[in-house]
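*Asks:* Going down the list, the sequences are from chains P and D.
All residue numbers for the first sequence refer to the numbering used here, where the first residue is 757 and numbers rise by one.
All residue numbers for the second sequence refer to the numbering used here, where the first residue is 299 and numbers rise by one.
Simulated from the structure, these hints should not be mistaken for lab results.
Here a beta-carbon is modelled for each residue, glycine too, at the ideal position from N, C-alpha and C.
Among the hints, erroneous ones may be present.
Said to hold, decoys possible - Not the full set, but computed from the structure, chain D residues with beta-carbon under 10 Å of chain P:
#1 Arg370
#2 Gly464
#3 Ile467
#4 Phe478
#5 Trp480
#6 Ile542
#7 Leu609
To be verified - Pairs of lysine to aspartate or glutamate residues, derived as EDC-like cross-links and limited to a Cα-Cα distance of at most 20 Å, are as follows:
#8 D:Lys560 with P:Asp858
#9 D:Lys518 with D:Asp442
#10 P:Lys996 with P:Glu984
#11 D:Lys306 with P:Asp972
#12 D:Lys306 with D:Glu362
#13 D:Lys385 with D:Asp424
#14 P:Lys962 with D:Glu362
#15 P:Lys962 with D:Glu352
#16 P:Lys913 with D:Asp556
#17 D:Lys518 with D:Asp434
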Amino acid sequence: MTPENIAFEYQLAGPFRRIVAYVADILISLVGFGIVAFIVWIGFLFLFSNTFIADEFWGLLAFLTLVSWFLIYWFYGAVTETYLNGQTFGKRICGLRVMTIDGHAIDGVQATLRNFFRLLDMAPVASVPAMLGGISEESVLAIPTCLIGLIAMTINKRYQRIGDMVAGTMVIHEEPRMLTKLNQFSDPRVASLAELIPPVFVVSAKLSRTVSEYVDGRQHLAPQRANEIASHVARPLLHKFGIPGNTDADLFLCALYYRTFAEELSDDEATGQGVAVTGDKAGKAPLNDRITAKEEA
Amino acid sequence: MNVAQLLKKRRPQWRELERLCETISDKPDRSREEIVSRFSSLYRAACADLALAESNQFPPATVEYLHQLVARAHNQLYRSERYQFQKWYRVIFRDTPRRIFHDPCVHIVAVLFWGLFLISAYLAYDNTVWPGFAQDVVGQEQLDTSAEMFANFGGRGRGENWMMFGFYIFNNAGIGLNCFVWMLFVLPGFVTLAFNSVHLGTIFGYMFRPEMGEAGDHFKNFVTAHGPFELTAIVLSAGAGLKIGLGWLMTGGLSRLDSLQKAGRDALPIAMTAVALFCLAAAIEGLISATPEKHMPWFFKGSVATFTSFLLTFYFVVLGFPEPGDSDLDFLSGAWDEA
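Using the sequences and the hints given, assemble the complete structure.
*Replies:* Given below as structure tokens:
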């Protein structure tokens, strides 16, 4: 629910998309860090190859390298998610975004928490020293199995790993989807059959959904199979409307689709039936037009 | 107006909103005002369209498209909050010490850690109550290694000191954060904590035995200066972890997830304090502790330890003592919602 007073849905991202984004993140941070460190070290070695440089200088350089790796290791995700509106670079590539569970943008505390607990979600690693002694030589080589994170994701309905549960966040997939056009029918019988459906009949939400899904998918079906599927919905309706039973079921559903979505609504229908539907429409449509008009002005 | 006409009429504006989503996401701060206001009016129009589409049973594909479009635009319009640095002063010097001083989880962990540490140190030192305790717990091999390490310890070059400073930050703060995170499952966290405290305590006790001679002196020289910061940091990181671990076990009337999230929010400043202490300890460990006796007398290292202990006491007790009253608590929750 937003200040615009509308509730909308997010598409949650599953573990496999997220692992790809995470691997991308690792590559980006590792390669980025590696290249910068390499250039700096090689550059200084080259510059000062002939001059005497104090021992401290190299120590300081090593210190800076280690500290920046520490910062990247623990805070890369937290900082990028805070400053890039819930996305790391890997998530941006994969079209993912972190949101709070009520659909708002996350804050710094949440970003930091969920990235700390990644360590737990990646566990158990394939070696014990990691659990007892942190980052040692053995645990760098260890392979994270991500079992804890996967189990956590399967037992809740938002695919949250443990870090997400602690921070109260979820990861969504922002896929730019193509706007499909309404189906057009070249067969003239569709329009004429639509005339036969009585104007009193109000298409319920469930029926309009069913019909629309059927019409979207019907070109993938063999004609006999399409007819067979369509007849389950079409027969009772045909019987109810008094249209001869031998009418093609597939054709009838197309006609119903045409009548629901494409045909001009007559005035008496708009005032006569389906108060809920038409009432809403009367309320919203002018508002809609007004905004449009304002934008064009 | 029917669905087909409406879609035809609205489609160009939806397309424009899609395009704007992409432009704005590239550089949000530099977007021009007209673009932002155009974007928000398009977004409101799309919201209205979605409401219309849902109540009027548009084809599901269209409704899904609109859901996706509105969600995308919403995420561009309402953006994540940045870290608010001006609030940090108050969080660091007022809220966090109070929170730590009054936190039962920190108390429990402190008692457990220091208790096990002292007991195992005594057992390893004394060697009569439980003969061979040190060998049983740590193993002869490791004891020999550390004895040998400190026997030959003669300080490092200054460059190496800086490098070790970096290494200690990476390694020790990493261990602290490990401990914090594993405490979520309480039991493995306690195992890690108990293991570390017994291990450390045993080595301390063993190295201070009179027969250790030179190695013992070097050891004392090495551990004194950074001890207060580092041991406190271990306690704090485990305490913060325990807070989260108990958060989902003892919910205090909230739902389990809500309680976990609240505990997470409360524990994060404690964990960050621990990280800061680990970094300070690493600086002392790398730059001061490792300097051999002849360059820096033990008296100086002892003063460092005293001074850091004094700082810690001041921070936790003096700054932390005031009980957070009701108004303070309101302020705290507000600050953390915003911070």
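*Asks:* All the hints need checking, so say for each whether the structure fits it.
*Replies:* A quick look at each hint next to the structure:
no. : hint                   : result
1   : Arg370                 : holds, 5 Å
2   : Gly464                 : holds, 3 Å
3   : Ile467                 : holds, 5 Å
4   : Phe478                 : holds, 7 Å
5   : Trp480                 : holds, 7 Å
6   : Ile542                 : holds, 6 Å
7   : Leu609                 : violated, 22 Å
8   : D:Lys560 with P:Asp858 : holds, 15 Å
9   : D:Lys518 with D:Asp442 : holds, 17 Å
10  : P:Lys996 with P:Glu984 : holds, 19 Å
11  : D:Lys306 with P:Asp972 : holds, 18 Å
12  : D:Lys306 with D:Glu362 : holds, 17 Å
13  : D:Lys385 with D:Asp424 : violated, 50 Å
14  : P:Lys962 with D:Glu362 : holds, 15 Å
15  : P:Lys962 with D:Glu352 : holds, 12 Å
16  : P:Lys913 with D:Asp556 : holds, 15 Å
17  : D:Lys518 with D:Asp434 : violated, 23 Å
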